[in-house]
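Protein chains in written order, with my numbering: chain A, 1 to 309; chain B, 310 to 592.
Some hints could be false.
Distance windows between CB atoms, simulated [stated by the list, open to error]: (1) R64(A) with Q577(B): 36 to 44 Å; (2) N546(B) with D78(A): 28 to 36 Å; (3) F336(B) with P223(A): 22 to 30 Å; (4) T420(B) with R64(A): 20 to 28 Å; (5) P340(B) with F45(A): 36 to 44 Å; (6) L480(B) with G63(A): 52 to 60 Å; (7) V44(A) with V571(B): 46 to 54 Å; (8) D326(B) with A25(A): 38 to 46 Å; (9) R500(B) with V44(A): 24 to 32 Å; (10) E381(B) with G256(A): 51 to 59 Å.
Bear in mind the hints are in silico, worked out from the structure with no lab data behind them.
The beta carbon of each residue, even a glycine, is placed where N, CA and C say it ideally should be.
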Amino acid sequence: MSGMTDAAALQGAAADAARRKRAYARHYWPFVVPAAIVVLAVIVFPWVFTIWMSLQEWKIGSGRSYVGLANYERLLNDERFHWSILRTLYFTALAVVIPVVLGVAAALIFHRRFPLRGLARTIFILPMMATPVAVALVWTMMFHPQLGVLNWILSQFGIPPSMWVYDQSTVIPTLVMVEVWHWTPLVMLLVLGGLASLPVDPYEAAKIDGATGWQAFRYITLPLLAPFIMVAVIIRTIDALKAFDTIYVITQGGPGTASETINIFLYLNAFAYYNMGYASAVVVVFFTIIIGLALLLLWSRERFKDAVR
Amino acid sequence: MSAPAGIRRRPLRKILDRIGLAIAVFFFVSPAALVFLWMLSLSLKTEIDNIAYPPVFIPNPPTLDNFRAVFERNDFLRQAWNSIVVSFGATGIALLVGIPAGYGIAKMRATKAAVLILIARITPGLSYLIPLFLLFQWVGLTGTLWPIVITHLVLTVPIAVWVMIGFFEGLPAELEEAALVDGATIWQAFRHVALPLARPGITVATILAFIFSWNNFIFAMVLAGRETRTLPVAVNNMLTFEQIAWGPLSAAALLVTLPVVVLTLVAQKQIVAGLTQGGVKGA
């Protein structure tokens, strides 16, 4: 009898403590106020304002008028915009798959011990931190069809020179190459973090059972790494969709419109043609695409987790 | 006496394995190294060597003329100063509001606020630019560095808050609770207990916010006038106007990215910790 009351009392006390803790948590809101003001002013305000602006016909220099959904209708019929979406998806697909595959391979290598590993890893992650504009300029010089060093390197292997970013058919793969150079290190770091957290036991068991190195990788490492690889895929997808600096500096969307992604199309409409209303509609659609893809990937990640379990 | 074949074979396999590893490391490291070395090489050569075919790799003799040209010509020093003011300003403000916010969000377990920060991080920078561009025109801030500092908050505040949330969540709560029991206010517990413990997290947030701001191109490109250009914008303009002056262009590019490269070399550990935090924990 008394035992039961004790248990009940204990439970009550615990619930009390939890409730007090939760009530207490509320006292921390003043800490968030300054940041909330900044976020409201420079992040949330632009979001709301953009939606409102996308309903206006608004060219800088001339006036502004409410046009309802006319900007969106125009987008539906704007072939240049449709092409920019396709190009963005093409660029993104390549700029996700290649860095992820190479990044996983690099992580497996940097997970092993070898002399000068620290130095090699530092050099390997430098591209990720370097100023994109500065590096893009060096790439531009390397892509020069006559004087660039890349065509000279190709010639040493007996490969005919490429037009790199100066030809409509090679421009996007070439830009992807720069993107791969920039961001494979981030994938490597994310996967390396995953490798460091792997348990040892399954490998010992596999060794006793006589599994080959490849089998251990295929049936133990890869499934355990899957969540980390998925995070890398999500981050890469978002960053590839957003890619701007490299493309703008190297090609500005050219030759013609061959590398005009959504971001470049958006930039030109807003700050070259000053069609603020139309550009705002592009922002809304672009943002929806990004969030949609991010949610899709997150959802598939959850599905994936359940499947593995 | 008869040693099994396996043991005799092992050294050979080991050697092959080592060679394979060396080739793989070379494959991954050389593209990164070569681009930076080529940048250095271009910046130290004369213009004749820079456009020679086949290319000249080792500057002979190396010349500092390109760097001299960068400093003499146009407004490199002022642009460097602009970049410094903007990056330090945007980083400072981000820490000032971001550290307490990270603390508050961690304490309140306000996951919704964290999601907002995440969305802010994945929104393309350009989408903030149109409304803010118009706003700055109305308010009349154009022509000063303020618009650039303010737009850079879009980058620095989310990363600072994000890093600090993760860091404060990882701190043991016992010490602060003890301080609160002893009669300290919430503010005192934050200021004298949590804040000193959070110093490594603050370092990570500072470095990342600074690098994001320093490297940013698009905000200043749209918002800056002739007097307020930051370095990335200035270097990009050099390409437009002197197509084939590769020496000075490379020298300028090298100078722009040098602070970040040095920072990466010195603070690699913090950078890696900060960048992988969200990802690894999310898994």
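Query raised in the report: Between F336(B) and P223(A), is the Cβ distance one that fits in 22 to 30 Å?
Result: Holds - the Cβ-Cβ distance for F336(B) and P223(A), about 26 Å, lies within 22 to 30 Å.
Requested in this report: Given the range 46 to 54 Å, decide if the beta-carbon distance of V44(A) to V571(B) lies inside it.
Outcome: Since V44(A) and V571(B) have Cβ atoms about 36 Å apart, the given range 46 to 54 Å is violated.
Requested in this report: With respect to the beta-carbon atoms only, verify the hint that E381(B) and G256(A) lie 51 to 59 Å apart.
Outcome: Violated - the Cβ-Cβ distance for E381(B) and G256(A), about 38 Å, lies outside 51 to 59 Å.
Requested in this report: Could you see if the CB distance from T420(B) to R64(A) stays within 20 to 28 Å?
Outcome: violated (39 Å)
Requested in this report: May I ask you to test the hint 28 to 36 Å on the CB atoms belonging to N546(B) and D78(A)?
Outcome: Because 30 Å falls inside the window, the suggested range holds.
Query raised in the report: Lying within 36 to 44 Å: is that true of the beta-carbon distance P340(B) to F45(A)?
Result: holds (42 Å)
Query raised in the report: Between R64(A) and Q577(B), does the beta-carbon spacing fit 36 to 44 Å?
Result: This hint is violated: roughly 50 Å between Cβ atoms.
Report task. For the range 38 to 46 Å, tell me whether the beta carbons of D326(B) and A25(A) fit it or not. Result -> violated (54 Å)
Query raised in the report: Using the C-beta atoms of L480(B) and G63(A), is the stated range 52 to 60 Å upheld?
Result: holds (55 Å)
Report task. Confirm or reject the claim that R500(B) and V44(A) have a C-beta distance inside 24 to 32 Å. Result -> holds (29 Å)
Going down the numbered hints, you'll see the structure goes against 1, 4, 7, 8 and 10, while the others check out.
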